[in-house]
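Novice: Sequence:
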Amino acid sequence: MRAMVISEPGGPEVLDWREVPDPRPAPGEVVVDVVASAVNRADLLQRRGLYPPPPGTSEIPGLECSGVVAEVGGNVPGVAPGDRVCALLAGGGYAERVAVPWQQVMPVPEGLPLDEAAALPEVACTVWSNVFMTARLRKGETLLVHGGASGIGTMAIQLAKAYGSRVLVTAGSAEKIERCRALGADEAVNYHEEDFAERFEGRADVILDIIGAKYLAGNIRALATGGRLVVIGMQGGARGELDLGALLAKRAAIHATGLRHRPVDDKGVICRGVVESVWPLVTAGAVRPVVHERIPLDQAARAHRALEEGAHVGKLLLVR
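Its first residue numbered 1, the sequence shown is counted upward by one per residue in full-length UniProt numbering.
Simulated from the structure, these hints should not be mistaken for laboratory data. Misleading hints may appear alongside valid ones.
[Claimed, not checked] In silico EDC-like links for lysine to aspartate or glutamate, alpha-carbon gap of 16 Å or less:
#, residue 1, residue 2
1, K214, D186
2, K139, E110
3, K139, E201
4, K161, E193
5, K214, E241
6, K161, E187
7, K250, E201
8, K214, E187
9, K161, D186
What you are looking at is a predicted structure, and each value in this text was computed from that prediction instead of being measured.
Please work from the sequences and hints to get the whole structure.
Specialist: Following this line, the structure appears as structure tokens:
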């Protein structure tokens, strides 16, 4: 098969479309003929040599895909060749085929185009596991989403609204704010022009944060009493100063989580929760993946540049 290989750490130009050995399914795995994958910020970090895949997994980038099951290994329940699926991956999505544990394979939501389903696994699993499983966002509570126009942000807005929550967002332009509002965001702040902590002070029951250290103090200020901050990214740095007094006064909690390095069985629990609780909303049209652009898989370097430029809203798909 052909796959996008990182020839050496560096810029988008180090992505090399070349022939590599076909994957074979180990016991408990299936092989998927990839129709589409999607670009995530973790792929950019891996390309730069800053975020290696978990030991024993594919060195090929790509954390999600959609396609058709081609082969099934032993001890795989409920998945058969010919099934239309999407999958959460530890790596390997930028390829014509990928092997994946059966626990991380999900059926394509009814009525959704097969290529579009590649935009769902990473964002749906991230939002469901963090906002609903970890932070336990409840109906009537308020969610603050940083980076509301990102793939994760667009999914978080829709899911929170579908479950009856109020949604606040930050975004980097008037156009992105309008897109967030169209998806259901109740209030939005352009972080280039306004301090989100001042605007949303004491109002957020749950905060989903991709920034990290730079926003730590502001996030604590924005939390409501009993609020839960979930940090899932470090775009704004890994080390910050925490005011424990402010945290104690609000009886608040901070969670820091990742998805890629979790055990397979843990990912399986998340995927099953997504199929049970998110897919019906997708089928009903209440939640949809937001696709900014479809780019040929062998032009992944162009997709990486587009993600780095940051003008997109939602997901960048890589299609075959």
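Novice: Would you mind marking each hint as holding or not holding in the structure?
Specialist: Tested hints:
no. : hint        : result
1   : K214 x D186 : violated (24 Å)
2   : K139 x E110 : violated (26 Å)
3   : K139 x E201 : violated (20 Å)
4   : K161 x E193 : violated (26 Å)
5   : K214 x E241 : holds (9 Å)
6   : K161 x E187 : holds (13 Å)
7   : K250 x E201 : holds (12 Å)
8   : K214 x E187 : violated (22 Å)
9   : K161 x D186 : holds (9 Å)
The structure shown violates the earlier hints numbered 1, 2, 3, 4 and 8.
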